[in-house]
Structures are given as C-alpha cells and as structure tokens.
Amino acid sequence: GIQVEQSPPDLILQEGANSTLRCNFSDSVNNLQWFHQNPWGQLINLFYIPSGTKQNGRLSATTVATERYSLLYISSSQTTDSGVYFCAVGVGANSKLTFGKGITLSVRP
Amino acid sequence: GAGVSQSPRYKVAKRGQDVALRCDPISGHVSLFWYQQALGQGPEFLTYFQNEAQLDKSGLPSDRFFAERPEGSVSTLKIQRTQQEDSAVYLCASSLRSYEQYFGPGTRLTVT
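If you're matching them up, the sequences are chains A and B in order.
Whatever position you read off the first sequence (first residue = 1), add 107 for my numbering.
Whatever position you read off the second sequence (first residue = 1), add 133 for my numbering.
One or more hints might be untrue.
[Unchecked claim] Computed beta-carbon distance windows for the label pairs: (1) A/137 <-> B/191: 39 to 47 Å; (2) A/123 <-> B/199: 46 to 54 Å; (3) B/147 <-> A/172: 45 to 53 Å; (4) A/211 <-> B/216: 23 to 31 Å; (5) A/211 <-> B/213: 28 to 36 Å; (6) A/198 <-> B/184: 17 to 25 Å; (7) B/213 <-> A/165: 20 to 28 Å; (8) A/112 <-> B/172: 17 to 25 Å; (9) B/186 <-> A/122: 44 to 52 Å; (10) A/133 <-> B/188: 20 to 28 Å; (11) A/119 <-> B/183: 39 to 47 Å; (12) B/190 <-> A/109: 16 to 24 Å; (13) A/112 <-> B/196: 28 to 36 Å.
Worth flagging that the hints you see were computed from the coordinates, not collected in a lab.
Beta carbons: idealized from backbone N, C-alpha and C, even for Gly.
Start from the sequences, fold in the hints, and give me the full structure.
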C-alpha cells in the first residue's frame, strides 16, 4: 500500500517563530488532507490539498503532486498551535485515508 | 451545522465483553469511514460505507469486529469478546461527494 512519511517527528518552537512541516508519499494520490489533532484528540481539518497552494490565515500549504510531497507552513506560531499534525492521503473517490505518523509541535511562550 | 458525533466518548470494558460504538455522520453525507488510532500513532482505516453498503472492510483486524449502517445514516461498530489489544481510540469520519473527510471526536476504548 501507499507509504506516508512526515518530518520532522518533533518540533519545538518559540512563540512567534515560523515552521515548515513536510509530508512525502510513495504513489500518486488524488486526496491529501492536513489535520491538527488537538490535546483532546479531535482531528481538525486544516487543508484539503491534493495539488496546488492554499492559505488560511497564518497557515498555508503546498502540494507538488508530481514530486509526491506536501508542505504545511505555520507562520507567527502561537501556543494554541501545539499538538500533532497529520498528513493523510487517499486514492480514488471517497476512499480510505492513509495517515503518516504525525509531527508533534510544541510552541513555548 | 453539526459535525460528526460519536458515543460514548469513553468506554471501559472487561476483557471478553462485547461493545458497541455509535457514529452519527454529518447530515447528507453518503460516505462513512471508521478508523482505529493506537496511542502515539496515526489513525488506521477499518471500514468504509457508501450509504448502507459496506464497500471496503479490508482494515477490520479480526472477525470479532463488525460494522453496520442499515439505513445509510447512523453507523455502529461492534467488537465482540474484547481483548486488551483492542484498546484504542475509534474515529468515525464522513464525507459528501468530495474527497474531503470530516472526523468525529472519537471513542476511547479501554479493555481491562
């Protein structure tokens, strides 16, 4: 099956810093989502981005489908950005998502 | 509008007991997915429904796991004769006709 690798596994930032989270995948996909899992375990949708670039406030994401990677950018980080960030990919309409192992982000005040 | 809801949020079962976990998808979403998330890991796919049809159950770990969605809305994941290795968070997700999935808060199952 498809493999998803996220890097770095852990990230510690000072409040106000910027960061880049990476997701590599092993095959062509037509679904790619970024999620933030908050301390209560809820998976919050950040981006649906199988290709191209999107921005939402301090967050932006880019997927280069031909090179099989996606990047999530967090600017001016805040303590509320702490948590685990997952990249998940899928193939085909309404098909199962395969998740990476996640990136644990800690933002210190 | 209302998101995906799951109940119960927490369940403690003694080894050998049967459990039933409920998922209420977003109204009108035809696709429903179940995932299992072990501690410190990403969610892993269990099964997928389109309306009432179970189209993919390749991720169910054993025949003790059974899922249904009889009227194409609410779904129940049932685990028979629970084992300690079943302890995990069980997540439900739904989607409309697009690919984007929306997740519920999960049910944390602890088997003692």
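Status of the hints after comparison with the structure:
no.	hint	in the structure
1	A/137 <-> B/191: 39 to 47 Å	violated (19 Å)
2	A/123 <-> B/199: 46 to 54 Å	holds (50 Å)
3	B/147 <-> A/172: 45 to 53 Å	holds (48 Å)
4	A/211 <-> B/216: 23 to 31 Å	holds (28 Å)
5	A/211 <-> B/213: 28 to 36 Å	holds (34 Å)
6	A/198 <-> B/184: 17 to 25 Å	holds (21 Å)
7	B/213 <-> A/165: 20 to 28 Å	violated (46 Å)
8	A/112 <-> B/172: 17 to 25 Å	holds (20 Å)
9	B/186 <-> A/122: 44 to 52 Å	holds (49 Å)
10	A/133 <-> B/188: 20 to 28 Å	holds (24 Å)
11	A/119 <-> B/183: 39 to 47 Å	holds (42 Å)
12	B/190 <-> A/109: 16 to 24 Å	holds (19 Å)
13	A/112 <-> B/196: 28 to 36 Å	holds (32 Å)
Going down the numbered hints, you'll see the structure goes against 1 and 7, while the others check out.
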